[in-house]
Amino acid sequence: MGLKGRDLVSIKDLSKQEIESIISAARRHIPVAEGKRTSTLLDGKLLALAFFEPSTRTRLSFETAMLRLGGRTITIADPAVSSVAKGETLSDTVRMLSGYADAIVVRHPNEGASRLASQVSEKPVINAGDGAGQHPTQTLLDLATMEEHFHTLSGLKVVLMGDLRYGRTVHSLAYALALFGAHLVLTSPPALRIPEHIRSDLAEIGADIREEADLRRAVQDADVLYVTRIQKERFGDLAEYARVSSGYRLDPSILEEVKPSFIVMHPLPRVAEIPSEVDSSSHAAYFRQAFLAVPVRMALLSLILSGQPGPGGG
Amino acid sequence: MRELKITPIKNGTVIDHITSGFALEVLRIIGANNLDKESTVSVALHVRSRRMGWKDIVKVENMELSPQKVNAIALLSPTATISMIQDFKVIEKRPVTLPDHFTGVLKCPNPNCISNQGEPIEPEFDVVHRRPLALRCRYCDRYVDDFLPHLKTR
Numbered sequence: 001m002g003l004k005g006r007d008l009v010s011i012k013d014l015s016k017q018e019i020e021s022i023i024s025a026a027r028r029h030i031p032v033a034e035g036k037r038t039s040t041l042l043d044g045k046l047l048a049l050a051f052f053e054p055s056t057r058t059r060l061s062f063e064t065a066m067l068r069l070g071g072r073t074i075t076i077a078d079p080a081v082s083s084v085a086k087g088e089t090l091s092d093t094v095r096m097l098s099g100y101a102d103a104i105v106v107r108h109p110n111e112g113a114s115r116l117a118s119q120v121s122e123k124p125v126i127n128a129g130d131g132a133g134q135h136p137t138q139t140l141l142d143l144a145t146m147e148e149h150f151h152t153l154s155g156l157k158v159v160l161m162g163d164l165r166y167g168r169t170v171h172s173l174a175y176a177l178a179l180f181g182a183h184l185v186l187t188s189p190p191a192l193r194i195p196e197h198i199r200s201d202l203a204e205i206g207a208d209i210r211e212e213a214d215l216r217r218a219v220q221d222a223d224v225l226y227v228t229r230i231q232k233e234r235f236g237d238l239a240e241y242a243r244v245s246s247g248y249r250l251d252p253s254i255l256e257e258v259k260p261s262f263i264v265m266h267p268l269p270r271v272a273e274i275p276s277e278v279d280s281s282s283h284a285a286y287f288r289q290a291f292l293a294v295p296v297r298m299a300l301l302s303l304i305l306s307g308q309p310g311p312g313g314g
Numbered sequence: 001m002r003e004l005k006i007t008p009i010k011n012g013t014v015i016d017h018i019t020s021g022f023a024l025e026v027l028r029i030i031g032a033n034n035l036d037k038e039s040t041v042s043v044a045l046h047v048r049s050r051r052m053g054w055k056d057i058v059k060v061e062n063m064e065l066s067p068q069k070v071n072a073i074a075l076l077s078p079t080a081t082i083s084m085i086q087d088f089k090v091i092e093k094r095p096v097t098l099p100d101h102f103t104g105v106l107k108c109p110n111p112n113c114i115s116n117q118g119e120p121i122e123p124e125f126d127v128v129h130r131r132p133l134a135l136r137c138r139y140c141d142r143y144v145d146d147f148l149p150h151l152k153t154r
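One line per chain: the protein sequences are R and F, in this order.
1 is the number of the first residue of the first sequence in my numbering; add one for each residue after it.
1 is the number of the first residue of the second sequence in my numbering; add one for each residue after it.
Hint data in this document are derived by calculation from the structure and do not stem from the laboratory.
Any given hint could be a false lead.
Stated by the list, open to error - Restraint-style ranges between C-beta atoms, simulated for each label pair:
{"hint": "1", "chain 1": "R", "residue 1": "GLY206", "chain 2": "F", "residue 2": "SER66", "range": "40 to 46 Å"}
{"hint": "2", "chain 1": "R", "residue 1": "LEU238", "chain 2": "F", "residue 2": "ARG94", "range": "52 to 58 Å"}
{"hint": "3", "chain 1": "R", "residue 1": "ARG193", "chain 2": "F", "residue 2": "PRO132", "range": "17 to 23 Å"}
{"hint": "4", "chain 1": "F", "residue 1": "LYS152", "chain 2": "R", "residue 2": "PRO269", "range": "57 to 63 Å"}
{"hint": "5", "chain 1": "R", "residue 1": "ARG72", "chain 2": "F", "residue 2": "LYS152", "range": "41 to 47 Å"}
{"hint": "6", "chain 1": "F", "residue 1": "PRO132", "chain 2": "R", "residue 2": "GLU211", "range": "19 to 25 Å"}
Note that the coordinates shown come from a computational prediction; the quantities given were computed from them, not determined experimentally.
Note that the Cβ used here is the ideal one computed from N, Cα and C, for glycine as well.
Work out the full structure, taking the sequences as your base and the hints as a guide.
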């Protein structure tokens with residue numbers, strides 16, 4: 001398949017088949033990600049990590065992925081001490097990096113930054129989150145987590161809970177799940193319901209969506225509960241934030257009534273949405289989800305930088 | 001039938017069938033303040049129209065509209081028609097047409113969009129719905145269906 005040399009800015013840049021290939025390639029990388037095997041697939045390749053805002057988890061998982069494959073990284077980890085602080089434009093920084101490295105991972109506080117980076121870079125650009133915008137590698141690892149557990153994505157009933165208004169990682173996930181024929185149930189505080197234009201986008205690809213205000217009812221017969229954080233910075237009025245977020249917590253007793261195979265996912269970091277007592281439950285999948293970030297990013301880097309899905313040829 | 005409330009022009013452009021109330025915005029779009037000193041600009045507000053009920057008209061001497069300006073007018077007033085005048089005769093008359101793609105006409109309403117951060121780029125939008133008209137920013141994906149406050153000429 002043809003991911004070699006391509007950008008990944010939005011999940012919509014990938015076809016269903018390409019998403020499937022990345023998920024299946026990620027499985028091959030698990031032993032290397034766990035340190036049980038070694039790989040030199042990306043020996044001699046250099047990945048630039050251009051992180052213009054703090055993000056420990058995403059940066060470390062990309063760096064781990066590259067190092068596990070025998071490649072190397074260069075990093076802008078703190079824009080406060082880089083040329084950005086001197087007023088250099090993103091366009092110029094990216095042009096410079098595209099002269100140094102074989103691919104660039106961009107994390108930026110402004111929406112659309114990765115799209116711009118992909119326009120000016122001669123090397124592939126991978127979006128690692130742009131403001132409240134796209135975060136396609138998060139969507140890939142979310143899908144990989146579900147696929148690993150259920151061995152399929154088609155027909156899954158997935159409850160998306162939380163900030164469905166501003167949380168655009170949830171919008172990407174909803175889009176990708178709809179592409180695979182999952183049934184979506186949306187549950188959110190009234191102020192944070194999914195915007196109409198996103199709903200109509202989803203309807204266009206034939207998504208099966210319903211809204212359900214009561215979480216207990218929403219998770220009946222469901223396969224996955226995907227919980228997201230309600231972001232304080234989205235609220236102008238802190239009293240409103242306190243009101244909305246106080247009632248926003250997964251009640252562990254809900255898990256007594258779910259299917260045995262049911263899983264709870266969360267992109268992490270969590271605040272208080274999932275109490276720690278859920279961690280030991282067989283339904284908690286969010287730490288596995290966090291681990292899969294590494295093999296999924298390994299698969300993506302292998303495909304983009306070498307055209308190879310991973311260890312074992314192919 | 002011809003009832004001339006504003007004088008004909010010898011050479012220039014007539015923007016007719018402007019949605020009533022939008023003529024002053026059209027003047028802003030065409031940059032009427034910065035025209036050749038010899039040019040006359042005539043504006044008719046709230047003119048009877050068989051087709052539209054009420055309309056506005058703008059006539060500008062010695063000026064041709066750039067495609068970008070025509071696109072901006074089309075956003076505000078999809079009913080507008082543009083006539084090129086040479087030697088008092090209409091040599092070309094066409095309705096404005098909405099392109100599939102807009103560059104440099106609107107600013108993205110999302111203040112956090114990369115196109116609003118001083119990068120060396122023009123804001124770009126794709127038309128996602130025609131009726132009612134809605135555009136989407138190519139950078140941040142934000143939908144726009146209220147154009148007036150976001151015109152670059154403002």
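Right, here's what the structure says about each hint:
no., hint, result
1, R:GLY206 x F:SER66: 40 to 46 Å, "41 Å, holds"
2, R:LEU238 x F:ARG94: 52 to 58 Å, "54 Å, holds"
3, R:ARG193 x F:PRO132: 17 to 23 Å, "21 Å, holds"
4, F:LYS152 x R:PRO269: 57 to 63 Å, "39 Å, violated"
5, R:ARG72 x F:LYS152: 41 to 47 Å, "44 Å, holds"
6, F:PRO132 x R:GLU211: 19 to 25 Å, "24 Å, holds"
Hint check: a violation occurs at hint 4 only; the rest are consistent with the structure.
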